[in-house]
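Undergrad: These are the residues of each chain, in order.
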Amino acid sequence: MTHRTPLLWVCLLMSTVVLDVAAEAPAASTSAAPPSVQDLRRMHPISGDAKAGAAKTAVCLACHGPQGVAIAPNFPHLAGQSASYLYVQLKEFHDGQRKDPVMTGQAATLTDDDMRNLASYYATLPPKPAGKGDASSRGAQLYRAGDPARGIPPCQACHGPAGLGPQPHPSAAPQPPWATFPHLRGQSGLYLTKQLGDFKRGTRAGNSNARVMHGVAQTLSDDDIQALSAYLSSW
Amino acid sequence: MLALKQNRTTPTVLTLSLLLGLCGMQDVLAGDTSDTMRVGDTQFGNALDPLGWTPMLQPADPDGMSLLHAGMLRTPTGNLYPYPPMVNAGKPVGQGDWLYNGEIEFGYLHVGGDRNAEYFRQYADWRSGPVLGLLALNFWNPKTGEYVEFRGNHLSADDQFYRLRAGQYGSYRIEAFYRDMPHTVSTNAYPIWNGVGTTNLTLPPSLVPGGSTPAQVAAVSAVTPEHNIGLKRTREGLSYEGVVYQNWIASAGITNEKRTGTRLWGGSMFFNYSFPDNGGILETVRPIDFRTTDINLSLRNVGKVWHFLATYNGSFFRNHKDYLDFQSPFALSNVVGVPQVANITTGQFSLEPNNDYHNVRLDLSRELKWNGQLTVAGAWGTMRQNDALLPPTNCTGTGGVYISPTANYTFPCANWNTTAALSEPSANARIDTGLLDARATFHPNQAFGWHAGLRWYREDDKTRYLAYNPLTGQYGFISENGSQGTVVPGQTGFFDPNNPLYASNSVPVRNVPVSYTDAVLELGADWQLSHKTSLGVTYTYDRNEPKYRERNRVDDQRFKLAWVSRDVVGATIRLSWEYARRDGDQYNYDPYVPFYSQSLPGFVTPAVGLPAYTVADMRMYDLSNRTESKARLIVTHPLGESATISATFYGNRDNYDALIGRQSTRTTGATLQWDWQPSPKTTMNGYLGVEGSRMGIANVNDADSVDNGKIYGSIGQTNPNLGGPFYPYANQWWEYDSETNRNAGLTFSHDFGRVRADLSYNYTGSVGHVGYNYATIGALAFRDAASVAASNQGFPDDKYRTNTLDMGLSFRVTSNVGVRLYGRYETGAFSDWHYLGLNNTLVYDHRLYTDKGGQLHYNASLVGVMLNLKL
Numbered sequence: 001m002t003h004r005t006p007l008l009w010v011c012l013l014m015s016t017v018v019l020d021v022a023a024e025a026p027a028a029s030t031s032a033a034p035p036s037v038q039d040l041r042r043m044h045p046i047s048g049d050a051k052a053g054a055a056k057t058a059v060c061l062a063c064h065g066p067q068g069v070a071i072a073p074n075f076p077h078l079a080g081q082s083a084s085y086l087y088v089q090l091k092e093f094h095d096g097q098r099k100d101p102v103m104t105g106q107a108a109t110l111t112d113d114d115m116r117n118l119a120s121y122y123a124t125l126p127p128k129p130a131g132k133g134d135a136s137s138r139g140a141q142l143y144r145a146g147d148p149a150r151g152i153p154p155c156q157a158c159h160g161p162a163g164l165g166p167q168p169h170p171s172a173a174p175q176p177p178w179a180t181f182p183h184l185r186g187q188s189g190l191y192l193t194k195q196l197g198d199f200k201r202g203t204r205a206g207n208s209n210a211r212v213m214h215g216v217a218q219t220l221s222d223d224d225i226q227a228l229s230a231y232l233s234s235w
Numbered sequence: 001m002l003a004l005k006q007n008r009t010t011p012t013v014l015t016l017s018l019l020l021g022l023c024g025m026q027d028v029l030a031g032d033t034s035d036t037m038r039v040g041d042t043q044f045g046n047a048l049d050p051l052g053w054t055p056m057l058q059p060a061d062p063d064g065m066s067l068l069h070a071g072m073l074r075t076p077t078g079n080l081y082p083y084p085p086m087v088n089a090g091k092p093v094g095q096g097d098w099l100y101n102g103e104i105e106f107g108y109l110h111v112g113g114d115r116n117a118e119y120f121r122q123y124a125d126w127r128s129g130p131v132l133g134l135l136a137l138n139f140w141n142p143k144t145g146e147y148v149e150f151r152g153n154h155l156s157a158d159d160q161f162y163r164l165r166a167g168q169y170g171s172y173r174i175e176a177f178y179r180d181m182p183h184t185v186s187t188n189a190y191p192i193w194n195g196v197g198t199t200n201l202t203l204p205p206s207l208v209p210g211g212s213t214p215a216q217v218a219a220v221s222a223v224t225p226e227h228n229i230g231l232k233r234t235r236e237g238l239s240y241e242g243v244v245y246q247n248w249i250a251s252a253g254i255t256n257e258k259r260t261g262t263r264l265w266g267g268s269m270f271f272n273y274s275f276p277d278n279g280g281i282l283e284t285v286r287p288i289d290f291r292t293t294d295i296n297l298s299l300r301n302v303g304k305v306w307h308f309l310a311t312y313n314g315s316f317f318r319n320h321k322d323y324l325d326f327q328s329p330f331a332l333s334n335v336v337g338v339p340q341v342a343n344i345t346t347g348q349f350s351l352e353p354n355n356d357y358h359n360v361r362l363d364l365s366r367e368l369k370w371n372g373q374l375t376v377a378g379a380w381g382t383m384r385q386n387d388a389l390l391p392p393t394n395c396t397g398t399g400g401v402y403i404s405p406t407a408n409y410t411f412p413c414a415n416w417n418t419t420a421a422l423s424e425p426s427a428n429a430r431i432d433t434g435l436l437d438a439r440a441t442f443h444p445n446q447a448f449g450w451h452a453g454l455r456w457y458r459e460d461d462k463t464r465y466l467a468y469n470p471l472t473g474q475y476g477f478i479s480e481n482g483s484q485g486t487v488v489p490g491q492t493g494f495f496d497p498n499n500p501l502y503a504s505n506s507v508p509v510r511n512v513p514v515s516y517t518d519a520v521l522e523l524g525a526d527w528q529l530s531h532k533t534s535l536g537v538t539y540t541y542d543r544n545e546p547k548y549r550e551r552n553r554v555d556d557q558r559f560k561l562a563w564v565s566r567d568v569v570g571a572t573i574r575l576s577w578e579y580a581r582r583d584g585d586q587y588n589y590d591p592y593v594p595f596y597s598q599s600l601p602g603f604v605t606p607a608v609g610l611p612a613y614t615v616a617d618m619r620m621y622d623l624s625n626r627t628e629s630k631a632r633l634i635v636t637h638p639l640g641e642s643a644t645i646s647a648t649f650y651g652n653r654d655n656y657d658a659l660i661g662r663q664s665t666r667t668t669g670a671t672l673q674w675d676w677q678p679s680p681k682t683t684m685n686g687y688l689g690v691e692g693s694r695m696g697i698a699n700v701n702d703a704d705s706v707d708n709g710k711i712y713g714s715i716g717q718t719n720p721n722l723g724g725p726f727y728p729y730a731n732q733w734w735e736y737d738s739e740t741n742r743n744a745g746l747t748f749s750h751d752f753g754r755v756r757a758d759l760s761y762n763y764t765g766s767v768g769h770v771g772y773n774y775a776t777i778g779a780l781a782f783r784d785a786a787s788v789a790a791s792n793q794g795f796p797d798d799k800y801r802t803n804t805l806d807m808g809l810s811f812r813v814t815s816n817v818g819v820r821l822y823g824r825y826e827t828g829a830f831s832d833w834h835y836l837g838l839n840n841t842l843v844y845d846h847r848l849y850t851d852k853g854g855q856l857h858y859n860a861s862l863v864g865v866m867l868n869l870k871l
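Those protein sequences? They're chains A and B, same order as listed. Going by the UniProt record's numbering, the residue at position 92 of the first sequence is 92; the numbering climbs one at a time, nothing skipped. Going by the UniProt record's numbering, the residue at position 118 of the second sequence is 118; the numbering climbs one at a time, nothing skipped.
Please note: incorrect hints may appear among the correct ones.
Said to hold, decoys possible - Result set (DSBU-like, lysine-lysine): computed pairs, CA atoms no more than 30 Å apart in a straight line:
(1) A:K200 to B:K91
(2) A:K200 to B:K870
(3) B:K143 to A:K200
Calculated from the structure, these hints are not laboratory results. Predicted, not measured: the structure shown is a model, and the values here were computed from it.
All chains should be modelled from the sequences, with the hints used to inform the complete structure.
TA: Okay, structure coming up:
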């Protein structure tokens, strides 16, 4: 064996000694998502006191209506919505991961129990009466089957075939946080258009679900978004 | 990606489709899509980067496989998928929609220690100098799905690969590649000839062909410089796959593989026993100069009801060195002690001929009721070679032995060293194949399914060659280029019906066109016993009908049980057991009479008859009655979310109904593996494996000499029976081969932040033992006292062992610049009794060896430093 090789080996071995020192240096820019993003992947369905939540709705009903059906199309309907989804949104407004001129302020004073109770209350309300929806429309087609040629996945995979939330099959495999996926059926079209636009631009990216929606929304054109929003709101 | 079932899309499947779709996008960005390749080459990488892709500057993605669920998914049998590398988002190319990313790794490797050790460099051309670890460039257009990707690696001019792929997802794909791969056969060879690597091996001027003594040859061998024996495979190809019209998808691929170099080879000038100075056994070196061109074409259509696939495969082998001539340094002497009138000084091999292969195949399948499917396939193939044949010998002058005017066993070489001595100028060889295969499967409900299959295959060798010399009217072939007949009077290799000296020579005169027809019936059923437990049963009946073999029919029946449960104390258990029984019609120990001269007119049976072709109780292992059982147990147990432990136990037992021939084989093995990936930053794996195998063979020596029966040459030599005079029980012997293989591995990888450490240790060890026993010394080839004493010692064990430690440290200086330190330390030990004594001299009497074998011990190391840049 040559003499040079052991020397190089010593250098190689010595360099391992400084590993811990190097580890203290700041991570490279290829690190994971910023900590302000909520990782919902291990989240379980929430529970809360609906009755207590009802007592806290005095401010909410001004926009979202006395029965959770919004008074104007720029506000979302809350009635019958997934409690876990509502809780996550309130918490994001509260923690600053999702921003809205009104909701940021409204959520700032809520306790965690308040948010759980409010979410549970609205989930118990009957959703807005169903419409007919045009099953042959472009929006219906996108919702049910997506557009594989353009890489658009079908919305129903996560939001359910009836638009009322997913219907997962039993499986031992790691499961998505199904309860955090919102119901879309009958939702305000104007509101949906804005949210899909926010997802697409990345301005609504406060949790891991939103990051998924960012990828999905980027496959949608403005016409697709309009078609989907129109279909869902009329359904 | 849609999974539509009766117009209802299942959310779980769709979600997984979505996940896979997203992962697919990651793969696009990561730039390697080899898992979907249908045409082209299958492996890119080399010893420095076995996967052809080490994404140093892209750490594992902490988001894992999906933003939808925590933890890593497991395979259906419970193994964890690894964390994918983090997506490199790419940079825009100009103002358009195209993006790109790239990475280059280059640096310097230093090799130390026994750098030329055979096993160290068997498939890697390690050498000190600059290397290109990786060059990867990816361009893609997310809007159109178009992409272009290139990657390459260069260790040396003999060890490199480059690949270019381009296409559009869902539309088409093209690929071009070039690869050089070394294969070292020996680094410890000492060929004495000039012209190594060519078709003509000539002796150095200090040696006289056919006239040198062993001492003279040994002296030349001792000063012969060391040679490397090996070859280089150069492979290049071009392929396309794409949609040509609606649902019609076509693929076309062409690959060329060129193999050039040398290989150790033989060179017999007849036996170098039973007395000194006769014959000659030489280990020569032959050239390798092959080119194989493969062409693959396919057209497929996946309709709603019918599925269609048509394929053509063509393979064209070309050997640019079709013979090997070599000079032998040793004189021949005959066994009867008369003056030598002839001396054969050269040997000749006819090397592999050019040949062509064509195969066309059509597959059709359609869906049936009860969730069933019918698949029908038909194929026809042909293999042909029709190269010009070489003359039967290249000897000149006279060959053979002259005893007396009435016992003149000489022959003029001029009658045989010309193509005019051939019955046909070319081989006109052809083998045709045909295949019909039908299979139906049904799953009428989720709990039960069954299938039936019928397969018919025929291989028909149409080659008919008669070895006849029109110049002499003789049949057969000059054996060993004339040397055999120059040592043993009359054993020239030919039959002459008009010459009493050769009229009783039973020699091969025709090729044996071995063919067969095989029909297989398979019936099977599977039950879903519970949500997580299933049972499968399969029965197979295989009828094989060989032609020109010891049996006309062989029946093999096989019964297989497979039980799988995915929840036995949290583990997945796969258990299978197989039992097979083979029998057939009457066994004919000598079906080859029509191919020997004894079947020709004019053949005169000797007064003492012809010696038995072989012992009648001999059973060829592929045709003898046999019982076989196999069992395998695989246990995969997840340990929490981040670890998996798995174990495999298996065993095979084969018992052959043969008094002479292979009698039994058995294999028993186990593996244990532990995989742990507690976070995207850390992975650790451990592996242990052990396997033992044994094979038992029985044989009997013929009674050829006074001290073991002396029947050869007398009337009893026609008796083929074991226990008879020609094959007495006293001459029986038995061989027991055993081999134990052990291997172990441990890998560890951790990302400390700016530094990633990779550590890998691998061990392989093998011990082989040849054991034997015999009834009496009549079983031995040599029965003098020294040989008998040596035979009682037995053979030493063959041993092979390597230990390899790999270390890597990858420093991410910035997000675009990294430095990789790489080191390997390898030790090995090798011991094979076949090479014993060759370190002292390569010449023993008229036996000349070239290869001393692998190094008994070696230590080799390499270190390298490489710079990584994101482009």
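Undergrad: Does each hint fit the structure? Answer for all of them.
TA: Consistency of the hints with the structure:
Between A:K200 and B:K91 the alpha-carbon distance is near 19 Å, which keeps this suggested pair within the 30 Å criterion. A threshold of 30 Å between alpha carbons decides the hint, and for A:K200 with B:K870 the separation of about 28 Å falls inside it, so the pair holds. For the given pair, B:K143 sits about 15 Å from A:K200 by alpha-carbon distance, which is consistent with the 30 Å threshold.
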